[in-house]
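**Student:** Protein sequences appear in the order of chains B and E.
Just so you know, we're using the numbering used here here: the first sequence kicks off at 12 and counts up by one.
Just so you know, we're using the numbering used here here: the second sequence kicks off at 12 and counts up by one.
Just so you know, not all the hints are guaranteed correct.
Okay, the calculated bits of chain E under chain B, using three or more residues with CB under 8 Å as the criterion [said to hold, decoys possible]: (1) 140-152; (2) 170-181.
If you want a taste of the chain E side facing chain B, the calculated C-beta under 7 Å gives, among others [said to hold, decoys possible]: (3) 72; (4) 104; (5) 106; (6) 131; (7) 158.
Since the hints were made in silico from the structure, they are not lab data.
Note that this is a predicted model, so its numbers are computed, not measured.
Backbone N, C-alpha and C define an ideal beta-carbon position, used for all residues, glycine too.
Protein chains: 2
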Amino acid sequence: MALALFSTKGYEATSLREIAEHLGISKASLYYHFKSKEDIVTSQMSSRGDEAADLLAWARAQEPGRDLMERTVLRWVDATTIDKLRGIRFINANPALMRTLSRGSGVGTLRDSLSEVASYLAGDDAGPARLLLVRMALLSINTAASAAAGTGCTDEGIVASAKRLAHALLGELRSIS
Amino acid sequence: MALALFSTKGYEATSLREIAEHLGISKASLYYHFKSKEDIVTSQMSSRGDEAADLLAWARAQEPGRDLMERTVLRWVDATTIDKLRGIRFINANPALMRTLSRGSGVGTLRDSLSEVASYLAGDDAGPARLLLVRMALLSINTAASAAAGTGCTDEGIVASAKRLAHALLGELRSIS
């Protein structure tokens with residue numbers, strides 16, 4: 012993936028030609044899909060935004076009930092892949108780029124959609140503590156990625172820790188609901 | 012606090028004169044302590060770094076035992092104040108400034124010292140999952156501050172959620188130790 016290459020070489024130092032080589036395709040076919048490096052990042056971010064929007068639609072279509080929060084959070088967290096983790100690491104490492112791209116693109120959508128999911132799951136009359144715990148559960152992979160910086164922890168280890176964090180928070184949420 | 016003023020007006024838009032007014036002191040006495048805005052931020056960050064170094068020294072001076080991790084994490088998390096939360100929010104909102112200041116100053120120290128505390132508590136032969144969970148427990152307030160962005164949650168609510176997160180992670184850690 013292009014994001015993995017950005018993470019190794021740095022975003023600024025990576026050219027579209029290198030990305031094409033890395034993917035084993037011609038520069039022409041890469042250009043056919045993406046006009047620029049920014050375009051690659053934006054497209055990745057907007058896929059993730061779509062996934063969060065799909066999660067919201069899915070949650071809304073379920074029978075409301077005590078276990079809906081748990082099922083929805085686990086649906087999101089269990090779908091975490093190494094590729095998504097790389098995307099999150101890229102976002103964390105390039106805050107200035109993210110701010111630039113988020114103007115008028117789909118980049119802001121992921122966090123917004125996840126916030127909507129959290130509000131829906133926490134309920135209209137949820138206190139702030141409950142809402143924050145649900146948000147933190149949905150953002151488990153982001154938290155684990157950030158805590159893992161500099162540890163040499165494997166991607167698999169980070170994903171596993173994120174799942175543990177989500178489970179711990181769901182346990183905490185059961186105790187206050 | 013100067014960081015609160017930076018958060019309201021934005022760092023770039025806040026002058027040393029305004030900070031002095033806000034603190035109710037003369038610009039001359041502010042200059043006596045701080046040569047620049049950067050100096051104010053660096054001094055805040057280095058105090059927090061000192062606190063993390065103190066935590067490590069404290070943990071090392073304790074009798075090792077099963078409850079040392081819990082006591083150390085709670086010592087750190089319970090010391091979270093609204094002022095510290097503002098500092099964290101400021102850091103999150105100004106990543107580029109933080110990168111600039113961290114070159115050759117004490118800014119990198121907080122995270123480094125907390126990492127050392129986490130390694131010490133997790134133990135030399137800790138698996139990555141255990142180490143990451145301890146790190147996440149120590150970084151609870153950072154996680155809560157980040158999850159609270161845009162919720163209108165009060166500072167007290169954020170601090171309370173951070174404590175719940177730390178407790179949930181300590182519970183998870185008990186189950187794998």
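**Student:** Now tell me, hint by hint, if it's right for this structure.
**Tutor:** Checked hints:
1. 140-152: holds (count 7)
2. 170-181: Coverage by chain B holds for the stretch 170-181 of chain E (7 residues, Cβ < 8 Å).
3. 72: violated, 25 Å
4. 104: This hint is violated: residue 104 of chain E lies away from chain B, its Cβ roughly 10 Å from the closest one there, beyond 7 Å.
5. 106: Constraint on residue 106 of chain E satisfied, holds at 4 Å.
6. 131: Violated. Min distance 14 Å.
7. 158: holds, 4 Å
In terms of the numbered hints stated before, the structure departs from hints 3, 4 and 6, listed from lowest to highest.
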